[in-house]
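**Student:** Residue strings, one per chain:
There are 2 protein chains.
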Amino acid sequence: MKSDKISEAVVRRLPIYLRYLSGLQRREVATVSSQELGQKLDLNPAQIRKDLAYFGDFGRKGIGYDVAYLIEKIRHILNLDQQINVVLIGAGNLGQALSNYNMYLKENLKIVAVFDAYGPKVGTLINTLKVQPMEELSATIKQHNIRIGIITVPEHEAQQVADKLVEAGIGAILNFAPIILKTPANVRVHAADFTTDMISLAYYLDNGKEDLDDVKQSSTEVDH
Amino acid sequence: MKSDKISEAVVRRLPIYLRYLSGLQRREVATVSSQELGQKLDLNPAQIRKDLAYFGDFGRKGIGYDVAYLIEKIRHILNLDQQINVVLIGAGNLGQALSNYNMYLKENLKIVAVFDAYGPKVGTLINTLKVQPMEELSATIKQHNIRIGIITVPEHEAQQVADKLVEAGIGAILNFAPIILKTPANVRVHAADFTTDMISLAYYLDNGKEDLDDVKQSSTEVDH
Numbered sequence: 546m547k548s549d550k551i552s553e554a555v556v557r558r559l560p561i562y563l564r565y566l567s568g569l570q571r572r573e574v575a576t577v578s579s580q581e582l583g584q585k586l587d588l589n590p591a592q593i594r595k596d597l598a599y600f601g602d603f604g605r606k607g608i609g610y611d612v613a614y615l616i617e618k619i620r621h622i623l624n625l626d627q628q629i630n631v632v633l634i635g636a637g638n639l640g641q642a643l644s645n646y647n648m649y650l651k652e653n654l655k656i657v658a659v660f661d662a663y664g665p666k667v668g669t670l671i672n673t674l675k676v677q678p679m680e681e682l683s684a685t686i687k688q689h690n691i692r693i694g695i696i697t698v699p700e701h702e703a704q705q706v707a708d709k710l711v712e713a714g715i716g717a718i719l720n721f722a723p724i725i726l727k728t729p730a731n732v733r734v735h736a737a738d739f740t741t742d743m744i745s746l747a748y749y750l751d752n753g754k755e756d757l758d759d760v761k762q763s764s765t766e767v768d769h
Numbered sequence: 546m547k548s549d550k551i552s553e554a555v556v557r558r559l560p561i562y563l564r565y566l567s568g569l570q571r572r573e574v575a576t577v578s579s580q581e582l583g584q585k586l587d588l589n590p591a592q593i594r595k596d597l598a599y600f601g602d603f604g605r606k607g608i609g610y611d612v613a614y615l616i617e618k619i620r621h622i623l624n625l626d627q628q629i630n631v632v633l634i635g636a637g638n639l640g641q642a643l644s645n646y647n648m649y650l651k652e653n654l655k656i657v658a659v660f661d662a663y664g665p666k667v668g669t670l671i672n673t674l675k676v677q678p679m680e681e682l683s684a685t686i687k688q689h690n691i692r693i694g695i696i697t698v699p700e701h702e703a704q705q706v707a708d709k710l711v712e713a714g715i716g717a718i719l720n721f722a723p724i725i726l727k728t729p730a731n732v733r734v735h736a737a738d739f740t741t742d743m744i745s746l747a748y749y750l751d752n753g754k755e756d757l758d759d760v761k762q763s764s765t766e767v768d769h
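Here the protein sequences come in this chain order: A and B. So the first sequence is numbered by our numbering: it starts at 546 and just counts up by one. So the second sequence is numbered by our numbering: it starts at 546 and just counts up by one.
Treat the hints as calculated values from the structure; they're not laboratory data. Built from N, CA and C at the ideal position, the CB exists for glycine as well. All clues given are correct.
Just a few of them, taken from the derived set where beta-carbon distance is under 10 Å, the chain B residues facing chain A:
| id | residue |
| --- | --- |
| 1 | Arg558 |
| 2 | Leu559 |
| 3 | Pro560 |
| 4 | Leu563 |
| 5 | Lys585 |
| 6 | Leu625 |
| 7 | Gly637 |
| 8 | Gly640 |
| 9 | Arg692 |
| 10 | Ile695 |
| 11 | Thr697 |
| 12 | Phe721 |
| 13 | Thr740 |
| 14 | Tyr749 |
Produce the entire structure from the sequences given, and follow the hints as far as they go.
**Tutor:** Structure, rendered in structure tokens:
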């Protein structure tokens, strides 16, 4: 199952399903229909059924999906049935915001180390983590089996940091710097550049009223 | 031209083209080919030609695109030939990081006001902006003709803040809170939820080597 190719659009919807399903589980709801998921997540129920069918045929007509089973399946597909250690490089405001956020993250993704190239920041605490100097990056990544790196350094430092992460054997990077990182094909990069998000929003300011049927939450968009 | 429906994927690539083209302009490069754009932005040149053809037929065979003209066109399509005022709600670490970032933004998008519901933060300075109390939100949005709102408040406050933004007549929202906001169809919402970005990255940790041809920078992905 894991070797099947799942489209990026589907992979990006899985965490959204997971979050909503986890909420249901906390409220002890046992089953959910694709209609309800569709309504709550602003997605087409047919799209949801198609997405979930990637992972086997769980849904039963008239009963819906078993919440606990679906959570287990999605977590497995997303590799979240194991703890994934994450390193954050760049202890500025954004880095600090992300580590705070990390504390609330219920999933098995955990920022276990924070680095900064800027001397005065090294040794300070971000939540419970002591900011480390860049010289220790490679050893720390290996020691803690860190698989994902988050880059929150300024634009001009980002490529160099990415190179160091790749060199140390990282598997995926979440990049907040506004540049396109060059990495080997086996290192997945997601760009979290909010200026692109914001600039593309501007497009819809005048177009909104003409394209009502196109208006929806971007992160839940179905395939074109 | 503006009434034509442009797909979200294309709209999201326009800021990426714009950023690269602006760099060329600073270096006084007059023309650029779709091949060069493709190589630098990790996109298929055919996809780039198709994207840019939405806006008229600028490219000339053997010469390429006129950089200045393309910048002007894209900025016009994105509504960036006018200043667009932005309000930020939530003066925590993330809000602060975004306002710092704002200072570097060369485009006509400008955070002109910052709000927070938490008393002790009201009146403090974030860069040059004094944090205002929520009671002043609606009046400030009208006074400064603010069109975009950025939400950086905690999850449980986000919907209430969105409602207030909508009530005050905002046209688009960039939402950093990890919930699906309910808004009228004419208010565009982009979710900038980095946990979704990070969780979906985890999927690729094991799959990366099997799907080499699928590995690319997510923000520059072409249409499926």
